[in-house]
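Based on the provided sequences and hints, a complete structural model is requested.
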Amino acid sequence: MSTLLVDGVTVRFGEVIAVDDVTFSVGTGVTGLIGPNGAGKTTLFDVVSGLRRPSSGRVLLDGHDVTAKGPHQRSRLGVARTFQRLEVFGSLTVWENVVVALESRRRPARLADDLLDRVGIGEFAGRQADAVPTGAARLLELARALATDPQLLLLDEPSSGLDRQETDAFGALLRELTAEGRAVVLVEHDMDLVMGYCDHVHVLNLGRLLASGTPDEIRAHDGVREAYLG
Amino acid sequence: MTALLAYTIFGLVTGGAYAVVAGGLVLTYSTSKVFNVGHGAIGMVMAFLYWELAENRGLPQWLALLIVVGGCAPVFGLLVERFVMRRLAGAPVGVTLVAGVGILVGLIGAAQVIWPPAARPVRPFLDRYGVHIGQSFVSGHDLVTLACAIAVAAGLYLLLNRTRTGLAMRACVDAPELAALYGIRPHRLSALSWAIGSALAALGGILLTPVVQLDYVTMTLLVITAYTAALVGRLRSLPWTFAGALVLGLVQSYAVAYLPSSQFWISFRAAIPALLLFLVLLALPQSPLRIGGVRGSRGVAVPSAGLTALGAAGLLAVVLVLALLVDNTVAGQLALALVFGIVLLSMVLLTGYGGVVSLGQFTFVGVGAVTVARLGTASPWALLLGALVSGAVGALVALPALRVRGLYLALATLGFAQLMDKLVLQSPIAFGVRGSLQVPRLVSSAQAQLLLAAVMFALVGAGVLAVRRGRLGRRLIAVKDSPAACATLGVNVRWIRVGVFALSAAIAGLAGGLFAQLRETVAASDFQLFNNLPLLLFAVIAGVTSVTGALVGGVLLMMLPVLQSGFPALAGVAVVLLGVAAAGLARDPNGLVSWIFRAWRPA
Amino acid sequence: MIELTDVHAGYGRIEVLRGVDLHVPRGTVTALLGPNGAGKSTLVKVLSGQLRATSGHVHLGGVHVNDAAPHDLARAGLCTIPEGRAIFPNLTVAENLRLMRGDPGIVYDRFPKLRIRRNQLAGSMSGGEQQMLAFSRALITDPAVLVIDELSMGLAPVIVAELYDVVRELADEGVTMLIVEQFAETASAVADQVVVLKHGEIADDDLATVYFGGSE
Chain S
1 MSTLLVDGVT
11 VRFGEVIAVD
21 DVTFSVGTGV
31 TGLIGPNGAG
41 KTTLFDVVSG
51 LRRPSSGRVL
61 LDGHDVTAKG
71 PHQRSRLGVA
81 RTFQRLEVFG
91 SLTVWENVVV
101 ALESRRRPAR
111 LADDLLDRVG
121 IGEFAGRQAD
131 AVPTGAARLL
141 ELARALATDP
151 QLLLLDEPSS
161 GLDRQETDAF
171 GALLRELTAE
181 GRAVVLVEHD
191 MDLVMGYCDH
201 VHVLNLGRLL
211 ASGTPDEIRA
221 HDGVREAYLG
Chain P
1001 MTALLAYTIF
1011 GLVTGGAYAV
1021 VAGGLVLTYS
1031 TSKVFNVGHG
1041 AIGMVMAFLY
1051 WELAENRGLP
1061 QWLALLIVVG
1071 GCAPVFGLLV
1081 ERFVMRRLAG
1091 APVGVTLVAG
1101 VGILVGLIGA
1111 AQVIWPPAAR
1121 PVRPFLDRYG
1131 VHIGQSFVSG
1141 HDLVTLACAI
1151 AVAAGLYLLL
1161 NRTRTGLAMR
1171 ACVDAPELAA
1181 LYGIRPHRLS
1191 ALSWAIGSAL
1201 AALGGILLTP
1211 VVQLDYVTMT
1221 LLVITAYTAA
1231 LVGRLRSLPW
1241 TFAGALVLGL
1251 VQSYAVAYLP
1261 SSQFWISFRA
1271 AIPALLLFLV
1281 LLALPQSPLR
1291 IGGVRGSRGV
1301 AVPSAGLTAL
1311 GAAGLLAVVL
1321 VLALLVDNTV
1331 AGQLALALVF
1341 GIVLLSMVLL
1351 TGYGGVVSLG
1361 QFTFVGVGAV
1371 TVARLGTASP
1381 WALLLGALVS
1391 GAVGALVALP
1401 ALRVRGLYLA
1411 LATLGFAQLM
1421 DKLVLQSPIA
1431 FGVRGSLQVP
1441 RLVSSAQAQL
1451 LLAAVMFALV
1461 GAGVLAVRRG
1471 RLGRRLIAVK
1481 DSPAACATLG
1491 VNVRWIRVGV
1501 FALSAAIAGL
1511 AGGLFAQLRE
1521 TVAASDFQLF
1531 NNLPLLLFAV
1541 IAGVTSVTGA
1551 LVGGVLLMML
1561 PVLQSGFPAL
1571 AGVAVVLLGV
1581 AAAGLARDPN
1591 GLVSWIFRAW
1601 RPA
Chain H
2001 MIELTDVHAG
2011 YGRIEVLRGV
2021 DLHVPRGTVT
2031 ALLGPNGAGK
2041 STLVKVLSGQ
2051 LRATSGHVHL
2061 GGVHVNDAAP
2071 HDLARAGLCT
2081 IPEGRAIFPN
2091 LTVAENLRLM
2101 RGDPGIVYDR
2111 FPKLRIRRNQ
2121 LAGSMSGGEQ
2131 QMLAFSRALI
2141 TDPAVLVIDE
2151 LSMGLAPVIV
2161 AELYDVVREL
2171 ADEGVTMLIV
2181 EQFAETASAV
2191 ADQVVVLKHG
2201 EIADDDLATV
2211 YFGGSE
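Going down the list, the protein sequences come from chains S, P and H.
When you line the first sequence up against the working numbering, it's residues 1 to 230, in that order.
When you line the second sequence up against the working numbering, it's residues 1001 to 1603, in that order.
When you line the third sequence up against the working numbering, it's residues 2001 to 2216, in that order.
Incorrect hints may have been included.
Non-contacting residues of chain P with respect to chain S, defined by C-beta distances greater than 10 Å in every case (computed) [stated by the list, open to error]:
#  : residue
1  : Leu-1088
2  : Val-1138
3  : Tyr-1157
4  : Arg-1170
5  : Pro-1285
6  : Leu-1325
7  : Val-1433
8  : Ser-1444
9  : Val-1491
10 : Asn-1492
Covered stretches of chain S, as calculated for chain P (at least 3 residues, CB under 8 Å) [said to hold, decoys possible]:
#  : segment
11 : 45–51
12 : 63–73
13 : 87–98
14 : 102–114
15 : 156–163
One-sided excerpt, in silico: chain H residues whose CB lies under 7 Å from chain P [as the list claims (entries may be wrong)]:
#  : residue
16 : Ala-2068
17 : His-2071
18 : Ala-2074
19 : Arg-2075
20 : Phe-2088
21 : Thr-2092
22 : Ile-2159
Treat the hints as calculated values from the structure; they're not laboratory data.
Remember, predicted model here, so these are calculated numbers, not experimental data.
Just so you know, even glycine gets a beta-carbon here, dropped at the ideal spot from N, CA and C.
Laid out in C-alpha cells, this is it:
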C-alpha cells in the first residue's frame, strides 16, 4: 500500500485553476515532484499538509481519508514539511525552533542537538533563527520537520541556498532517511539532485500531471523536454 | 406610520453623519494600510476648533466650516501622513494601531489644554429653517447633514471613478508596488487621501456636535460606530460602508423608538454599534494561515530563573523599605502602580510574547474588580475567583474573536470592550443602581496593601518569565512568528491562542481584584472604555516585551492621574508628549526599557 | 542601454545577486534564463528601482539609476512587467488600460478578447487574458526599454505563442528588451543574446546542463 494517495485533487483560486484533477501516489523512497514555476507543486504540498482544502478530490494517508483533517492532526499522523518561502520561527534560537517541534510530539528536548548535528547546522544552535544564512535556515526547517519523526516528509526546494558541498551532504541524508523507512517527496529545481536521488518522478505542468516514471524515463519523455526546453 | 417616518428620517440623518466619518476612514485605510484609531479624535479636535471660530470668535458658520474642513483638517491630515504614517509603511498591525492610539491620546491631551472642560453649546446649521414631513419636523441641520452625506458620497464616487487621480488611488489599493511601476507616485496619493480623510472626519464631527455635545472622549469613541460601518465595507468598499452607516443609523433610531425603555434595554441600545461591530467581525471569513517569509523580533534578554528570583527579592526589599518610609497616600499610590504593573504583565504575555494586540484589556480588570466587589468577602479566594471569572470571559471572547487576526482581532477586542462597557460595567448589573460598591480588604493598612501588591507583582512577573523560558513561551512565540509552520508541526494553533488569551485575561482579572480592594470603593467610572487606550499606549511606550517594562509602565500609568489632578495643564502636555512618543517609538516593540538596557550594556 | 556592473543585491542578510555584469545594447533583445532561486526576479527588481543594489552600478541609457524610484524610472520610459499577474484585479479592463496612458484601441485590435471583456473586473478573467492585459502596457506606452519577468509562467502554449508574436514585433521595431524566463522556450528564439543566471551569478553553462543536470 502506498503511503500517500492524492486522488483527483483540484484547487481553484477564483477563476484560476492551480491544480487540475491530479492523481498520484507516493510510496517509500524518494519521490520527485518537478515542473516549471506556477505548475502547482507548492499548492499540492499545501493540500497534502492540510494548510489548504482542495476544491475537490481527496488526500489519503495509509489508506485513510484525511481530506477534512487540519494540519496539526496530519502532523500527528506522520506528515511533516518544509516551506519554499522559509517559515522558521525568527524570534527563537535555532535550537528552540527544533525544541518546539519535539515538544509538540512529546519527545525529549535533548534530541535537538543530535538533529541539528545530523543536518549539519549544530554550530548555529544558539543563534536567533532570523539571523542565519538561507542554507542553514532550510536545513533548520528540515531538522524541525524530522523532530516530529515523520513517516512522510515533504521537502519544498530544500537545496536552494545550499552550496555544492551542502547539497551533496543533503543527498546523503536523503538516502539515510529513506533507509529508515520514511517516504520523502521532493519539490526541487536542482536536476542533479532529482535525477540522482529520486526513485520515482512526477512532472506537473500548468496544474496537470504531465508524466510519471523513473528519472531515466522522465529524461527521455518528449513532453517533459518540450515543457522545459521548448 | 408617521412615527416610523420620523424615526426613519432621524436614522438616515445620523447614518449620514456616520457615513461621512466612515468614508474618510476607509479612504485613508485603503490607500495607506494604516487603520487610524485616532480618526474620531481628529473629528473631535476639529469640532472644538469649529466651536472656537464660530461660537467663541463669532465668525459666520459657513466661514468657520470652510476654514476647518477645507483648511485646518486637510493640513493636519497631511502632517500626520508625512511625519507619522509614511514611516510606518509595511509595519505590523500592532505598531500602526499604537501610532493611531498615540495620535488619539495626544489629541485629547491637546484639546484638554486648549479648551479646558466647560459647557460649549454649538448652534445647529440653518436653525431657523426646517420642513414638515407629515407630522414630523426635519430641522435645517438635519437637511444639511443629509445634503453633506449625499455630496460626500457623490464626490467620492466621482473622484474614484471619474478622475485619473481616483483611478490611481484605487490602483494603489489593489497593488501598490505595481502602481509604482506604472509611474504612479504612491506617497502623493496617500497624502491626498489623508487630507481628504481628515476633512471628512472634521465634517462628520461638526455635523454630529449638536447631537452628541462637544466632549473629548464621547466624540472620539463615537467613531466606533464609524468603524463598524467601515468594516461592513471590509475597509475598502465605499458603497458598502455608506450602506452600513445608514443601516446603523436606522437601527439605532428604531431601537430608540421601539425597544422597551427598561434599564436593560437602555444599556442595550447604547451597545448596538459595538454589538454590530462584533457581529460584522464574526461574519468575516476565517483568516487563512499566511505562508511565506521569515519574521522575527528581538526581545530583551530573558533573565534566568536565578536572576528572576534575585530581581523579585530586590523588588520586595525596595518596596519594604519604601513601605516603612512613605505615608499612607504615597503607599497607596505605589500599590496602585504595582497593580497597573500586573495589568501590563498580562499584556506582556498576550501582546509581547503572543503578538496579539488587544484594545480591551482594561475590561478584564473591570470584570475581576466587579467579581471581587460582588463577592463582598475579604478572603484570598475572592481574588482567585475574580481571576477565574475574568479568564473564563476571556476564553469566551477568544473563541469567536480569534478566527480573525491582526487589525480585525484588535477591533474585535475593542468591540467586546464597548459591549461589556455598555451592557455590564456601566449598567446597574455591575455596580448596582448607585454605580459604586464597597470592597472589603484582605489586608487593611495601606502599607500592607503595598506589600501585597508587590508580592503579587513579583509572583506574576516570575510566572510570566517562567512561561517565556518554558515550553508554552516557546510555542507562543512560534505561533506568533509562523502559525503555518506550527500547525504542520502538530501544534494546535487555535487552542494555544485561546489559552493565552484566557490566561492573560485572568492575570488582568487578578489585578482588577487587587485594584478593587486597594480602592475600597469601586465605581463604574473607574472602568470606562476609554481606559483601554492609554493602557496599550503605556504598555508599548514602557516596553511590552519585558517584566521591567511592565513595572515602568505601571508607575507611569499611576502618575498620570496624579499629574492630572495636581497640574492639569502639565498633564495635558504630558499626554501630548505621550502621543508623540508612541508615534515615534511604535517601531521598537521593546519600548523605553530596551533603551535603558542598552545604555547599561553597551554592545 | 541596460548596463549592470558588478551588482550585488539581496534581502536583509541574504545576498541573492553576487556580482552580476550584464549589458543589453540599444535596440537588442536579451533573454535571461535560469532555474528558480537563481536571482532573476531580484535582478528585475533592481532594474525597476524596487530594490536597491547593495553595491555595483546600474545604468539605463547611460544614466546612473541606482537610487531612482520605480515611478521615476517608469516615467522616464522603462516599462517593467513583473512576474505573476501584473494587473489591478479590482479595476475593470478598461480602467487598467486607462492607467497605462495610451490608446486602448491598439490593445483591443491586437487582443480582441480584451475588447469583449473591457467592462469586466480584470481579476475575474482567465490567467491568459490577465497576462495579455498586463502585457498590453508594452504595446501602448511605447517604452524605450522593456523588461518582462516570466511572461509565459503558468500559461498554455497557444497563449504564450500569441504573446511572443507581439514580443517579436516589438523587437523588430527596435525596442530594447530584457526577457526573463525560467525555461528556454520561445524566449531564446527572439533573443539576440542568451544569458544564464545561476546562484546569483552569470553562468556560462549550456541550457541542457542547467535543466537536466551534468550527468547527461
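Taking the hints in turn, this is what the structure says about them:
| no. | hint | result |
| --- | --- | --- |
| 1 | Leu-1088 | holds (20 Å) |
| 2 | Val-1138 | holds (46 Å) |
| 3 | Tyr-1157 | holds (26 Å) |
| 4 | Arg-1170 | holds (19 Å) |
| 5 | Pro-1285 | holds (13 Å) |
| 6 | Leu-1325 | holds (41 Å) |
| 7 | Val-1433 | holds (49 Å) |
| 8 | Ser-1444 | holds (45 Å) |
| 9 | Val-1491 | violated (5 Å) |
| 10 | Asn-1492 | violated (5 Å) |
| 11 | 45–51 | holds (count 4) |
| 12 | 63–73 | holds (count 3) |
| 13 | 87–98 | holds (count 8) |
| 14 | 102–114 | holds (count 3) |
| 15 | 156–163 | violated (count 0) |
| 16 | Ala-2068 | violated (11 Å) |
| 17 | His-2071 | holds (5 Å) |
| 18 | Ala-2074 | holds (4 Å) |
| 19 | Arg-2075 | holds (4 Å) |
| 20 | Phe-2088 | holds (4 Å) |
| 21 | Thr-2092 | violated (10 Å) |
| 22 | Ile-2159 | violated (21 Å) |
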